[in-house]
Amino acid sequence: MFKKIEAYIRHEKLDDVKAALKEIGIVGLNVVDVHGHGRQGGIVLSGRQGSYTVDMLPRAQVNIVLSERNVEKTIAAIQEAAMTGAQGDGVIFIYPVDDVVRIRTGERGADALTYEGDIDTKAGK
Amino acid sequence: MIDSGDTAWIIVATALVLLMTPALGFFYGGMVRKKSILSTLNLSFITIGLISIQWVLIGYSLSFGDSIGGLVGGLNYLGLNGVGLEVLDGLTIPHLLFAGFQMTFAIITPALITGAFVERVRFKSFLVFTLLWATLVYDPVAHWVWGGGIFYQMGALDFAGGTVVHITAGYSALAFSMAIRKRKGFGRITIEPHNIPFTVLGAGLLWMGWFGFNGGSALAADGTAVLALFNTNTAAAAAAVVWMFLAWREGKPSVLGIVTGAVVGLVAITPAAGFVTPLAAMLIGAIAAPISYYAIAFRNKRGWDESLDVWACHGMAGTWGALATGLFATTAINAAGADGLFYGNPGQFVTQLITVVVTIVYAVAITFILTKIISSVWGLSVSETEEEVGLDISEHGERAYA
Numbered sequence: 001m002f003k004k005i006e007a008y009i010r011h012e013k014l015d016d017v018k019a020a021l022k023e024i025g026i027v028g029l030n031v032v033d034v035h036g037h038g039r040q041g042g043i044v045l046s047g048r049q050g051s052y053t054v055d056m057l058p059r060a061q062v063n064i065v066l067s068e069r070n071v072e073k074t075i076a077a078i079q080e081a082a083m084t085g086a087q088g089d090g091v092i093f094i095y096p097v098d099d100v101v102r103i104r105t106g107e108r109g110a111d112a113l114t115y116e117g118d119i120d121t122k123a124g125k
Numbered sequence: 001m002i003d004s005g006d007t008a009w010i011i012v013a014t015a016l017v018l019l020m021t022p023a024l025g026f027f028y029g030g031m032v033r034k035k036s037i038l039s040t041l042n043l044s045f046i047t048i049g050l051i052s053i054q055w056v057l058i059g060y061s062l063s064f065g066d067s068i069g070g071l072v073g074g075l076n077y078l079g080l081n082g083v084g085l086e087v088l089d090g091l092t093i094p095h096l097l098f099a100g101f102q103m104t105f106a107i108i109t110p111a112l113i114t115g116a117f118v119e120r121v122r123f124k125s126f127l128v129f130t131l132l133w134a135t136l137v138y139d140p141v142a143h144w145v146w147g148g149g150i151f152y153q154m155g156a157l158d159f160a161g162g163t164v165v166h167i168t169a170g171y172s173a174l175a176f177s178m179a180i181r182k183r184k185g186f187g188r189i190t191i192e193p194h195n196i197p198f199t200v201l202g203a204g205l206l207w208m209g210w211f212g213f214n215g216g217s218a219l220a221a222d223g224t225a226v227l228a229l230f231n232t233n234t235a236a237a238a239a240a241v242v243w244m245f246l247a248w249r250e251g252k253p254s255v256l257g258i259v260t261g262a263v264v265g266l267v268a269i270t271p272a273a274g275f276v277t278p279l280a281a282m283l284i285g286a287i288a289a290p291i292s293y294y295a296i297a298f299r300n301k302r303g304w305d306e307s308l309d310v311w312a313c314h315g316m317a318g319t320w321g322a323l324a325t326g327l328f329a330t331t332a333i334n335a336a337g338a339d340g341l342f343y344g345n346p347g348q349f350v351t352q353l354i355t356v357v358v359t360i361v362y363a364v365a366i367t368f369i370l371t372k373i374i375s376s377v378w379g380l381s382v383s384e385t386e387e388e389v390g391l392d393i394s395e396h397g398e399r400a401y402a
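Top to bottom, those sequences are chains X and A.
Position 86 of the first sequence, counted from 1, bears residue number 86 in the numbering used here, the numbering being contiguous throughout.
Position 118 of the second sequence, counted from 1, bears residue number 118 in the numbering used here, the numbering being contiguous throughout.
The set of hints was computed from the structure by calculation and includes no laboratory data.
Here the structure is a predicted model, which is why all the values come from computation and not from measurement.
Quick reminder that beta carbons are idealized off the backbone N, C-alpha and C, glycines included.
Careful: at least some of the hints might be erroneous.
Not everything, but these chain A residues come out facing chain X in the computed CB check (under 7 Å) [what the hints assert, rightly or not]:
id : residue
1  : I191
2  : P193
3  : E388
4  : V389
5  : G397
6  : E398
With the sequences and hints as input, model every part of the structure.
Rendered as structure tokens:
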């Protein structure tokens, strides 16, 4: 069973999160620039004269698909690396994944998802 | 008597050199991460504001006032008192225009240093440093070389500021980078230039502005101005082409590398521009490229976060240019200059060497002392968190791209 982890984090924490994921053996991931807000609402910026508020804040969306058994470990790594303790640290969503296809080879499922030496193959041995 | 042609050219040259400082902001700004682009542009831009004021109040007088023992200008031009529209002795332009033209050099020099500490400098500390540095380093050294001071009396040649501008800025940048902490993750994560087109734009405007910088340093619309302008272009072209091949040997001919090469060529020819032949200018530019190229490699290897290579590009190419002036200068092309080593006058090379060494030691020492003092009062850098968020938000409350 595969899961997709979708983490919304501060841009300035992306390097730390990438390093933490590499550390635990995550090989494949992708990152998308997104704008949004949670309860935080927005921030005040300075203008030509005086200030103004913007409510859509930039965040990085980090996407990872991996075996269910490694999900908790991965979430813990992201949470530790992405946390500042201030409002706006972000959220992590976890989704079920039906199947995976590697375009180059047509492999399906676990064969399409795992790489030599990544977290899933290591844990499988 | 005032000559309208000379005056017109120096007015235009003043405008060209002033434009180089915002151009430098773009040159540097393209190489930083997008979260600190406004900060980087502003480090150059606000320097125009700060130093223009400093120059009127005290800077011009310390640089070009009546010499006190050859070490610094006196206070007779304080607040530009007595600097008017009458012609300046020995020239054909108004005294006030000379002061204005020189001001644009005083502005760009501390702006050059900012490449050393981008993305982490505390703005308040930068403002104080820049004012003190201009007053204690730039103004005296300008006096030594151009204002009738010790180097001037020795017969040192510095056509447009290889020593006064590039050596002082380049070595002060190195000293400052040793005093301030490195950027977070430096050497561990990839810190990628966020907008190389900005850097290309900045380099192009610098190249154009340099026609005013070197061409204007003739202080007249005459043959020497033409020679300086032509040599400037030739050296920049040679350095850009040589840098292209150096980069190609190690992979692909990087555009960032090519435009950096052009700037390095411009730096190297600055002290020599009005004193050498175009073929010598080509050699000076061509040799400057590997000097700065391998200086960057050396700096990287040592793990120094002198972030935008002010030392490698301005300090090292400026040193080469100042020494090369003592090799290639010839009175055959400019009778008002001097002959260098290759034209039978080894003494000129020795004079150049002395000015280079003294200037480096002085600039490094004063910068070291200033950074120590400012560091103990406010700190030189922002916190790591402020740096991670980016100086645009943390220091200016703004973002460049919505």
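Results for each hint:
The restraint placing I191 (chain A) at the interface with chain X is violated, with a minimum CB-CB distance near 10 Å, outside the 7 Å limit. Interface hint status for P193 (chain A): violated, as the beta-carbon distance to the closest one in chain X is roughly 16 Å, over 7 Å. The restraint placing E388 (chain A) at the interface with chain X holds, with a minimum CB-CB distance near 4 Å, inside the 7 Å limit. Given the 7 Å rule on beta carbons, the hint for V389 (chain A) holds: about 5 Å separates it from the nearest Cβ of chain X.
Below 7 Å, beta-carbon pairs count as interface contacts, and G397 (chain A) has one with chain X at about 4 Å; its hint therefore holds. Hint status for E398 (chain A): holds, given a least beta-carbon distance of 6 Å to chain X, under 7 Å.
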